[in-house]
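*Asks:* As you go down the protein sequences, you meet chains A and B in turn. Its first residue numbered 0, the first sequence is counted upward by one per residue in numbering that gives the first Met the number 0. Its first residue numbered 0, the second sequence is counted upward by one per residue in numbering that gives the first Met the number 0.
Distance windows between CB atoms, simulated:
1) Asp99(B) / Asp18(A): 29 to 35 Å
2) Ala225(A) / Arg247(B): 26 to 32 Å
3) Phe22(B) / His218(A): 48 to 54 Å
4) Asn240(A) / Ser24(B): 54 to 60 Å
5) Gly26(A) / Asp99(B): 41 to 47 Å
6) Asn282(A) / Glu184(B): 20 to 26 Å
7) Lys176(A) / Gly17(B): 43 to 49 Å
8) Thr103(A) / Gln82(B): 56 to 62 Å
9) Phe82(A) / Ser66(B): 32 to 38 Å
10) Asp75(B) / Ser131(A): 29 to 35 Å
Keep in mind the hints are simulated off the structure, nothing from the lab. From the three backbone atoms N, C-alpha and C, an ideal C-beta is built for every residue, glycine too.
Below are the chains, spelled out letter by letter.
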Amino acid sequence: MIKVEHIAKKYGKVEALQDISFEVEAGEIYGIIGPDGAGKTTLFRILTTLILADKGNACLNGWDVRKDYRLIRNNIGYMPGRFSLYQDLSVEENLQFFASIFKTRIETNYHLIKDIYQQLAPFKKRRAGALSGGMKQKLALCCALIHKPLILFLDEPTTGVDPVSRKELWDLLKQLKAEGITLVVSTSYMDEAGRCDRIALMLKGHFLSVDTPQNIVNHYTDDLWAVSSCNMSKLLTDLKNYPAMKSCYAFGDVHHISLQQQATAYTTSQQALQTYLENLHHNELSIRKIEASIEDCFMELAARSSLENKKPKQYV
Amino acid sequence: MYKETHTHEEHLSIVAQGLTKRFGSFTAVDNISFNVKKGEIFGFLGANGAGKTTAMKMLCGLSKPTSGNATVAGFDVSTQSEQIKKNIGYMSQKFALYEDLKVWENMRLYAGIYGLNDNEIKSRTDEILQQLDFQNERNTLVKALPLGWKQKLAFSISIIHQPDIVFLDEPTGGVDPAARRQFWELIYQTADKGITVFVTTHYMDEAEYCNRICILVDGKIVALDSPKQLKETYSAQNIDEVFRLLARKAIRNQ
Chain A
0 MIKVEHIAKK YGKVEALQDI SFEVEAGEIY GIIGPDGAGK TTLFRILTTL
50 ILADKGNACL NGWDVRKDYR LIRNNIGYMP GRFSLYQDLS VEENLQFFAS
100 IFKTRIETNY HLIKDIYQQL APFKKRRAGA LSGGMKQKLA LCCALIHKPL
150 ILFLDEPTTG VDPVSRKELW DLLKQLKAEG ITLVVSTSYM DEAGRCDRIA
200 LMLKGHFLSV DTPQNIVNHY TDDLWAVSSC NMSKLLTDLK NYPAMKSCYA
250 FGDVHHISLQ QQATAYTTSQ QALQTYLENL HHNELSIRKI EASIEDCFME
300 LAARSSLENK KPKQYV
Chain B
0 MYKETHTHEE HLSIVAQGLT KRFGSFTAVD NISFNVKKGE IFGFLGANGA
50 GKTTAMKMLC GLSKPTSGNA TVAGFDVSTQ SEQIKKNIGY MSQKFALYED
100 LKVWENMRLY AGIYGLNDNE IKSRTDEILQ QLDFQNERNT LVKALPLGWK
150 QKLAFSISII HQPDIVFLDE PTGGVDPAAR RQFWELIYQT ADKGITVFVT
200 THYMDEAEYC NRICILVDGK IVALDSPKQL KETYSAQNID EVFRLLARKA
250 IRNQ
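Construct all of the structure, not just a fragment, from the sequences and the given hints.
*Replies:* This is how it looks when you write it as structure tokens:
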């Protein structure tokens, strides 16, 4: 459904996108996951034909983003990160407006937006600018769906949204997938990766990895342990000072650590680490082997890529 | 409804009693009472629309309570809002630094606003640059810094005047995972120096790093305890689960 080949984009000296290539299958939920400044929005703006890439090609449903931009615009939905509806129009008027510019009627695809629009119905006479953040977002989603797009682009729909509302939104995206819509969604929340069929982990203008969330986790090569004790702050410092330590990060109520493979077999054993920490008077010590999360994988891939680049300092 | 009693006011950075804010017929913050200890990392959680921002505004002296009262850093939010502003730090993800000013210029600007003298400004600037390992970035424009660096700098500048307490409003949104953790290490160092940290976040793993967490639902405090105790009380694996359990009871529409 989407084919991107060697896309690059510069803003002045800043390389926002560096040689990006990927494909999105029809009907899948494709997640682009990375922090602010990774280049997610630039990529979305190129695919939605709002800006041109410096290099490379991209096709959506066989249409070229340069030549066939009219066709593309008629057939995709785009919900930008920043609220972009008409603040002075009411909820109802915004929806009406988007329906009419796409030459359709609200009733035609009402089933797609019914669940969301019902929550908005009590406020349909209210100006969009006077809605709360959550309601604005629901309205923006309705407007992006009103013409039943082939592909729906959602740029950071869950940024600044609480965990409960985030879950609701993802449930909704799953329903849209069932309607046959292809979804491209960006997020900076790593824990949302599991809701996507495939994900691209993105940092500093390039993709670190593209795969199903499970395969990315399976490719995490190091042994990973979760460590906790009754003094977590001191534990973090002590772990960082352990000779064979490769990576050590706080993860909620535990610390996740991996050890250097080339260190001696003794220092990489669980027993050696346990003895080391006990000697530092850690009580209620727990060390257990765990499966990596997407966030572990992201940090490992990011560290590896910055080593490969060997540049002294990398600005996003 | 959670209520706390207190005896040692001098050890407390915030004392809120029956704090309430109404907008017309809508009660945004509904009779909340809590204390925050000096040097504590206090997490303030709630769904969008639960009343977090309104409560924060009252505590920062930007909005007067409809009823109830609170003292912050020993000053009354209703009658001493100017003293409060001098004695707190504030940082939000949305606005923090002037992008077109250099690192040192931003520090100079904020330090001047907080009334530091030239000697203090010089020593605090050097101290912060050293602590952040930013000595080489003194003359860099803020807009050229990666987001994670900007956030660390913004946080350090928000406490350039060494306030009693600092309010952090979703400080780590959109920051990459490694930088997010470095930011929290900075929060720990700050609390160790005795500065109270009042923080809101949507990352539930970060809630685990707080000494105590307060969860707001429909303007009311429904839970206030250490992360460990909350998990035990609600037989939950993590704070995310506790949050979902409690926030699900919300009736107020966002």
